[in-house]
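Whenever a hint applies, use it, and build me the whole structure from the sequences.
Under this note's numbering, think of the first position of the sequence shown as 38, with each following residue one higher.
If you're looking for bench data, these hints aren't it; they were derived computationally from the structure.
There could be a bad hint or two in this list.
No farther apart than 27 Å at their CA atoms in a straight line, the calculated lysine-lysine pairs in the BS3-like style are these [to be verified]:
hint	residue 1	residue 2
1	40	92
2	92	160
3	144	132
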Amino acid sequence: MPKANGSGAIGEVLSTQLIGEPLIGEPLIGFTGSYIAIGQFISIENANACMKYIKTKFARTLLGTLKVTQDNPSETWAHVPLQDFTTSSDIDWSKSIAEIDQQLYAKYGLSAVEINFIETTIKPME
38 MPKANGSGAI
48 GEVLSTQLIG
58 EPLIGEPLIG
68 FTGSYIAIGQ
78 FISIENANAC
88 MKYIKTKFAR
98 TLLGTLKVTQ
108 DNPSETWAHV
118 PLQDFTTSSD
128 IDWSKSIAEI
138 DQQLYAKYGL
148 SAVEINFIET
158 TIKPME
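In structure tokens, the structure reads:
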């Protein structure tokens, strides 16, 4: 995904296709320092699950706790918990992004106030 995007507003939508949205790379595809890599996967299903995760309101809210400018180095992802993207996961990655958010809220024990903040403040991504 692009290393620089948005303004640093909490929960902002990740870059659009015009700027360069996150994409799933394939073997023999490289990139420059103007992009960051998230994960290395053995199956496209696992990579797609990761893509859904980074588009969740949950992950983007936590990203926003450290991403306060346009810059998006790997360090800004420190508060975003790692997940198991395989079929053994406690999250059902076959669900919609909104349904995955609900699973993540339950997994991490978010309160009604925290969920309401995320749901009313953070723009959805599909």
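Of the numbered hints stated previously, which ones are contradicted by the structure, given in increasing order? none
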